[in-house]
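Student: Here are the chains, one letter per residue:
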Amino acid sequence: MLEKLRKMPKFMKIEEIKEGMILASPVFNRYGQILLPKDSVIEEKHKSLLKIWGVRCVQICAGENDKINESKLDELYALAGEKLGKRLLWTPRNEIENDLYEAALMKIAYDIAVNE
Amino acid sequence: MSKVNANIVNYIKQLPTLPTVYTTLTEAIANPRATSNDIAQIISSDQAASTKVLRAANSAMFGLRGRIETISQAIMHLGFNEIRNLIFAMSVINIFKKKSSSFAFNPVEFWKHSIAVGALTRFIGHSAGVINLENYFLGGVLHDVGKLLIFEFAEGEFKSAVEYAEANHLPIIEAEKQVLGINHTNIGGALAENWKLPIDIKNCILFHHKGFIDNKPDILTASCHAANIIARMLNFGSSGDDVIPAPNIEVWDYLKLEPRLFTKHYNLIIQTYEESVSLILIK
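Chains as they are written, first to last, in the working numbering: chain G, 24 to 139; chain Z, 490 to 772.
These are computed hints drawn from the structure, not numbers from a lab. Be careful, since some hints might not be right.
[To be verified] What the simulated footprint calls covered on chain G by chain Z, stretch by stretch (three residues with Cβ under 8 Å from a Cβ of chain Z suffice, anywhere in the stretch; the number is not a length):
id, stretch
1, 39–51
2, 75–82
3, 114–120
4, 125–131
[Stated by the list, open to error] Simulated crosslink set (BS3-like; lysine-lysine; CA at most 27 Å straight-line):
id, chain 1, residue 1, chain 2, residue 2
5, G, K33, Z, K588
6, Z, K541, G, K74
7, Z, K502, Z, K648
8, G, K106, Z, K648
9, Z, K691, Z, K666
10, G, K95, Z, K541
11, G, K109, Z, K666
12, G, K109, G, K70
13, Z, K705, Z, K745
14, Z, K691, Z, K745
15, Z, K691, Z, K753
16, G, K61, Z, K753
17, G, K68, G, K109
18, G, K61, G, K41
19, Z, K745, Z, K685
20, Z, K685, Z, K699
21, G, K70, Z, K541
22, Z, K587, G, K36
23, Z, K699, G, K106
24, G, K36, Z, K586
25, Z, K753, G, K106
26, Z, K691, Z, K587
27, G, K68, G, K41
28, G, K109, Z, K699
[Unchecked claim] Non-contacting residues of chain G with respect to chain Z, defined by C-beta distances greater than 10 Å in every case (computed):
id, residue
29, I57
30, E66
31, L72
32, A101
33, R110
34, D134
Built from N, CA and C at the ideal position, the CB exists for glycine as well.
Just need the whole structure built from these sequences, with the hints factored in.
Tutor: Below is the structure:
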């Protein structure tokens, strides 16, 4: 679960990306051709190239610098459960709803972590 | 007919028409003499539309990553109607003018929710084994369009409904009925009729809260019903109310989705949502 949270890709503006970050999905030009493949490691020159190509944002792997760590996971999930509980007018009744609830906790925990 | 309802119905008639490229495409698709090249030419003549079609066709939603280089290839893989609907979904936001509000309703967050429901309606339809998914993304994107009409043309009344929903911990549809005597599904349905959208999309707008059409199963409406709940649970934008109503349990039985669908495809769901939002909201 921790691994999944850490690997969750996020969109970042070109101005926000930093050297060493890894592309979670390829960058395409307007004709659908690949400019930078998935897993490319961002170098300084890429930032100006991406701007020249008119790319506004890219999808980055959350990676090592992410704020989520093992010790905080329980706390994050407790907070996520509390937040979700306030909005839900029901409790999960079957397998598919349990699975949806689990995915929702994962997403809300992630949102809490990155917005801290 | 309540005053609000009468006003909105009048405003629907004054709303800007559909994008030219959409209506031209609809006519061309209906013309038995039109060739695939004719359709490709119409799309290519609108540079903004063709750029977005290529980006969309290569996005996670269609699973064709990097394989679509031309409009003709996009037509071959996605079909005429899917592309026409995609162009509409990507430009409908421009029809509505208000970009902010003075109360707890944020049009940008509203569009994020709508786009999420579009992407998820398609994902659910696909997961339920539907082959022809051409109306799924657009149906989902438009499911709550009635709310935006009320906001656009009766902002004060919409504010009352939003605040009533918040104070009473209710879904907005209940607040609309109690405060305004109307609801966004009927307003959206009237708009779909005015725009002459496919009947499946109109039904999806009208019945997405129930999941079935007058108790009769309908796979697009059921997919959109589930998508609306999923988008709320995953915090994808905001549709104006904070509560998450219970899904119609019969919808799950009808859709027969694979076990652990959401956790198994978690990254794909997030990625499809992020890419779709980026396509439509970021110019």
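Student: Taking the hints in turn, state whether each one holds.
Tutor: Results of checking the hints against the structure:
1. With 4 residues bearing a CB less than 8 Å from a CB of chain Z, the stretch 39–51 of chain G meets the requirement of three and the coverage assertion stands.
2. Chain Z is given as covering the stretch 75–82 of chain G, and this holds because 3 residues of the stretch bring a CB closer than 8 Å to a CB of that chain, at least three being needed.
3. For the stretch 114–120 of chain G, the assignment as covered by chain Z holds, since 5 residues bring a beta-carbon within under 8 Å of that chain's beta-carbons and 3 suffice.
4. For the stretch 125–131 of chain G, the assignment as covered by chain Z holds, since 6 residues bring a beta-carbon within under 8 Å of that chain's beta-carbons and 3 suffice.
5. For the suggested pair K33 of chain G and K588 of chain Z, the alpha carbons sit about 25 Å apart, so the restraint of at most 27 Å is met.
6. As the CA atoms of K541 of chain Z and K74 of chain G are separated by approximately 18 Å, the hinted pair is consistent with the 27 Å bound.
7. Between K502 of chain Z and K648 of chain Z, the direct Cα distance comes to roughly 23 Å. Compliance with the 27 Å bound is thereby established for this hinted pair.
8. Between K106 of chain G and K648 of chain Z, the direct Cα distance comes to roughly 24 Å. Compliance with the 27 Å bound is thereby established for this hinted pair.
9. For a cut-off of 27 Å, the pair hint linking K691 of chain Z to K666 of chain Z stands: about 20 Å separates their Cα positions.
10. A distance of roughly 40 Å separates the Cα atoms of K95 of chain G and K541 of chain Z; the hinted pair therefore is violated under the 27 Å criterion.
11. Of the supplied pair hints, the one linking K109 of chain G and K666 of chain Z holds, its CA atoms being roughly 23 Å apart against a limit of 27 Å.
12. In summary, the hint linking K109 of chain G to K70 of chain G is not supported, as the alpha carbons are separated by about 42 Å, beyond the 27 Å threshold.
13. For the hint pairing K705 of chain Z with K745 of chain Z, the CA-to-CA distance comes to about 16 Å; that is within 27 Å, so the pair holds.
14. Distance check on the hinted pair: K691 of chain Z and K745 of chain Z sit about 24 Å apart at the alpha-carbon level, within 27 Å; holds.
15. With a C-alpha separation of about 32 Å, the suggested pair K691 of chain Z and K753 of chain Z falls outside the 27 Å cut-off, and the hint is violated.
16. Taking the CA atoms of K61 of chain G and K753 of chain Z, the gap is near 21 Å; set against the 27 Å cutoff, the hint holds.
17. For the proposed pair K68 of chain G and K109 of chain G, the alpha carbon gap of about 47 Å is over 27 Å, so the pair is violated.
18. Our distance criterion of 27 Å between C-alpha atoms is met by K61 of chain G and K41 of chain G, whose separation comes to about 16 Å.
19. Restraint check: the Cα-Cα separation between K745 of chain Z and K685 of chain Z comes to about 32 Å, which exceeds 27 Å; the hinted pair is violated.
20. Only pairs whose Cα atoms come within 27 Å are accepted, and K685 of chain Z paired with K699 of chain Z is accepted, the gap being roughly 23 Å.
21. Taking the CA atoms of K70 of chain G and K541 of chain Z, the gap is about 23 Å. The hint holds against a cut of 27 Å.
22. The straight-line distance between the Cα atoms of K587 of chain Z and K36 of chain G is roughly 25 Å, inside the 27 Å bound, and the hint therefore holds.
23. The straight-line distance between the Cα atoms of K699 of chain Z and K106 of chain G is roughly 25 Å, inside the 27 Å bound, and the hint therefore holds.
24. With a C-alpha separation of about 25 Å, the suggested pair K36 of chain G and K586 of chain Z falls inside the 27 Å cut-off, and the hint holds.
25. Of the pairs offered as hints, the one joining K753 of chain Z and K106 of chain G holds, with about 23 Å between alpha carbons and a cut-off of 27 Å not exceeded.
26. Pair hint K691 of chain Z plus K587 of chain Z holds up; C-alpha atoms about 24 Å apart against a cutoff of 27 Å.
27. Proposed proximity of K68 of chain G and K41 of chain G is supported: the alpha carbons are some 11 Å apart, at most 27 Å.
28. The straight-line distance between the Cα atoms of K109 of chain G and K699 of chain Z is roughly 23 Å, inside the 27 Å bound, and the hint therefore holds.
29. Not every CB of chain Z lies more than 10 Å from the CB of I57 of chain G, the least distance being 5 Å, so the non-interface label is violated.
30. Once the 10 Å rule is applied to beta carbons, E66 of chain G is consistent with being away from chain Z; the minimum gap is 21 Å.
31. Every beta carbon of chain Z lies more than 10 Å from that of L72 of chain G, the smallest distance being close to 18 Å; the non-interface claim holds.
32. A101 of chain G, annotated as away from the interface, keeps every beta carbon of chain Z farther than 10 Å; the closest lies near 17 Å.
33. R110 of chain G, annotated as away from the interface, has a beta carbon of chain Z within 10 Å; the closest lies near 5 Å.
34. Its closest Cβ contact with chain Z, about 6 Å, brings D134 of chain G to no more than 10 Å, contrary to its assignment away from the interface.
Of the numbered hints listed earlier, those contradicted by the structure are 10, 12, 15, 17, 19, 29, 33 and 34.
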